[in-house]
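Novice: Those sequence lines, one after another, are chains R, C and W. Position one of the first sequence corresponds to residue 1 (the numbering used here), numbered consecutively onward. Position one of the second sequence corresponds to residue 1001 (the numbering used here), numbered consecutively onward. Position one of the third sequence corresponds to residue 2001 (the numbering used here), numbered consecutively onward.
Honestly, the hints are just simulated from the structure, not real lab data. Just so it is clear, CB atoms sit at the ideal spot from N, CA and C, and this is done for glycine as well. Among the hints, erroneous ones may be present.
Claimed, not checked - Derived DSSO-like pairs: lysine-lysine, alpha-carbon spacing no greater than 30 Å straight-line:
(1) C:Lys1119 x R:Lys197
(2) R:Lys201 x R:Lys62
(3) C:Lys1068 x R:Lys197
(4) R:Lys201 x C:Lys1392
(5) C:Lys1119 x W:Lys2102
(6) R:Lys4 x R:Lys15
(7) C:Lys1479 x C:Lys1360
(8) C:Lys1479 x C:Lys1375
(9) W:Lys2034 x W:Lys2095
(10) R:Lys201 x W:Lys2102
(11) C:Lys1119 x W:Lys2034
(12) R:Lys197 x W:Lys2095
(13) C:Lys1492 x C:Lys1403
(14) C:Lys1360 x C:Lys1375
(15) C:Lys1119 x C:Lys1361
(16) C:Lys1068 x R:Lys201
(17) W:Lys2034 x C:Lys1068
(18) W:Lys2034 x R:Lys15
(19) C:Lys1397 x C:Lys1492
(20) C:Lys1397 x C:Lys1360
(21) W:Lys2034 x R:Lys201
(22) W:Lys2034 x W:Lys2094
(23) C:Lys1464 x C:Lys1397
(24) C:Lys1479 x C:Lys1392
(25) R:Lys166 x R:Lys201
(26) C:Lys1361 x C:Lys1397
(27) W:Lys2095 x R:Lys201
(28) R:Lys166 x R:Lys4
Unchecked claim - A partial selection of chain C residues facing chain W, derived with a Cβ cut-off under 10 Å:
(29) Ala1062
(30) Leu1066
(31) Val1109
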Amino acid sequence: MMNKYVERLYNGLIKENPTLVLMLGMCPTLAVSTRAVNGIGMGLSTTAVLILSNLVISLLRKSIPDEVRLPSYIVIVASLVTVTELLMEAYVPTVYEALGIYIPLIVVNCIILGRAEAYANKNTPLLSVMDGLGMGLGFTIALTLAGLVREVLGNGTAFGLQVLPKGVEPMGIFVQPPGAFLVIALFIIIMNAIGIKTRQKQLVEGCDGCCAACASAATCTSKTEEAAK
Amino acid sequence: MSTFLNISAGPHIRDRWSTRFIMCMVLLALTPAAVVGVAVNGWHSLFIILVSIASAIGTEAAFDLLIKSKKDTFLDGSAAVTGMLLALSLSPETPLYAPLIGSMFAICVVKCCFGGLGKNFINPALAGRCFLLISFGNAMTVFPMDHMSTATPVANLLAGKAVNVTSMFLGTSNGVIGSSIAALLVGGLLLWAFDIIHGQICFSVLGGFTLFIGLFGGQGFDPAYLAANLCGGGVVMGAFFMATDYVTSPVSRLGQFIYGMLIGVLGGLFRVFGSSADSFSYSIIIGNLFTPLIDTYILPKPFAYSKKDIALQKGEVQKPLSERIPKPVVVLVIITLLAGLALSGVFELTKDTIAQQKEKKAWEAYRTVVPEADKFDSVEADDIYGQIYGTKFGRTKINEAVKGYAADGSVAGYAISVTSSEGYDGDIGLSVGISADGVVNSISFTELHETPGKGMLAADALFKDQFNNRSESSFNIGKEIEVISGATITTKAIVNAVNAALDFYYNVIKGV
Amino acid sequence: MNNSLILIVVSGALINNVVLNQFLGICSFLGVSKQMKASASLGCAVIFVMTIASAVASILYDLILEPFGLQFMKTIVFILVIAALVQIVEMYLKKNSPAVYKSLGIFLPLITTNCAVLGVALTNVQSEYNFIESVLAGFGTAVGFTIAIVLLASIRSRIREQDLPAPLRGAPIVLISAALMSIAFMGFSGLSF
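Construct the entire structure; sequences and hints are all you get.
Specialist: Shown next, in the form of structure tokens:
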């Protein structure tokens, strides 16, 4: 029987890994995973924002009226992202340059809004923080893994260190857009083949009614219409 | 004889030509080009061909084994065709790992993953080639001649240099292994004669390409130029052997024509405006992307059926395209687009003219307020121009100040252009003319949009001439200047503007 | 004048396709492309919202944020503008055109969290586009999104699950299709007028 805080970590890292199981946050995953180190940078910045946003939203969960839930989340997350962006621009400019436009895009990262809606506004602050940490780390690991595969195949390096023997040509396509799609497809194929259950079908089929893991749960009108019936 | 009726799924009347037969015919048609290619380029080309075909067949066999398929599709010849096509589109000096990996990608990812023969939506050989182009960019684009690295004829064409069309036609110039147009035509026309490929496709591809090059290539419909373009860059190979692939081209005749034209035009677009000589492969696979869409909306007519019959048969009336996309949304989008385009068009058209007009007005105003001046020179004060000037003049900016010279070279005076944003109805722009001895000559308006009958009276001599020949360094309403009745705001803005100009004159120009 | 403006539209739509090249708007791209009609509807809605959002964002940035040194507020301001815009469009459609509203259904609010809309507004700022250029970039990007999603929908309508090996069913085959589309679209790179 796991301590409930540790359970949150386990959940985010493995059981409900946001990228590999819940299939959330595909945009940054595909875009940023050209190098393993980008995965770490993006993953950790998202984790920071996720922890803080989960904390703030959880603290305010009883004060935010239902009608303005989404706009409030957005303002909170956007502010946190802007703060993160400014701090990164000031103190880690190379990482900031590499991640470029994808930092402000953390605002619409489905994981953050999704967790805010699915967890933070229904649970206590400490649990929400742990959830944020778990999800964020899970995202970071998945992103770094994808980045590593793409970097090795497409560039012959891993974390910047030459891995492929000098004579072997790396397949450049893997650090290009098509390669991103192919690598993620490969991950899912492997998970399907060994029987790990994921939300991969829902990823390509739109709304399946399961709001807990849905990226757009906060904006979903069909849900509110259902509730109204 | 059995009393049971034998039931099987259609089609019941089968053509005597099986997949294997068609594939063999295609391989046969490609043989001349392969032979010429090897003859001209050497043994390595043969190895490329063999590796490519072997890799393709091997990959398909392995895949069949892996998914425990019941059919042994690797024997039907389609993999061999893919391998051959890929090999013929490679440079003779390509390292052997390229055809190996390329064929693997073509068969495994493009074809088998989607369910095998007939289920792919992109031409496998070309997708494999583009995969290689993106992955091994350097290795793929080396086209040596006599083992020396030279630019291909198409590269030369793009650069405007002369090319030997005959050599390209025969296949003796440097290029991919299957670049002998003559040999390709022998095979291609053979396939067309046997109705194995559809003429609509190959000829509309060639036609669309020629049309675009002729219209936009910069050399009109010059036959030599067109021939050179057609003979290079895989156009003929693509038109006859790649675009015509049954699986990835539309089913209906009209659809095929549209598809062919699309590929041809895209090919021309990339050739004329793009930066690489390998672009025709991309044109074809982009065309492939549109095939499902073309097939959805352009349905072939079943034998003896009219469109109404089809609809009735289906038990539903197929809604016309215009109803399938919600009309109001489309209208909304179109309106937005048109409005945006109109706005931007007008803006661009008038932008320069407006700027010119403004400048002309300013200069005319300068002449009016410093009449003795023949020519003007700008006064250097860049850090002041365009900024709000001082603190006592409201939102007033000094735009520009010029020094006027009379015909004999002496200083005739100064003209200062000012704008106040505090007019009643917008900006008020005027020029103040100051003579060489510091007397205000007059003022002239360059911009005045005030209320007619009130603020607009400022332009009348009655008000304006109050500033003529005044030696004051600053004006006050009620003292030196009479306010315009019912237009206090306008008056104030004008007076502030004039005062700002004067302040500029005394403090900046004169340095007092 | 004309050439660079044409290039902005073509670049947004084809050369730097928002989904196949910049990976913005992937969630709706993958999820909505299951149905052709929904894809077309979403595409039209995105064209509308993105063009206007680009215009408004450009105005706000040039007239308010920049002169007052508030550039760092752009993310918040833009996302609020987008949310408001979508809300307005939704209310307008609900009242004046219930049929359209119903057919777009869930997709309209989805546009708010569609990273593509925010992404293009931010890119416009980064590229220092003026108003006209921003509008054209937004329009071009949205057209590119529509082309991509409609093409993927038509391709998906051709795929039959039972033909596929089991591990490929569902997301993998769609991602591979997207990969092949992406390879094809790389043909547009290097185009210039």
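Novice: Please name the hints from earlier in the document that this structure breaks, with their numbers sorted from lowest to highest.
Specialist: Numbers 2, 4, 5, 7, 8, 12, 15, 25, 27, 28 and 29 - these are the hints that the structure violates, sorted from lowest upward.
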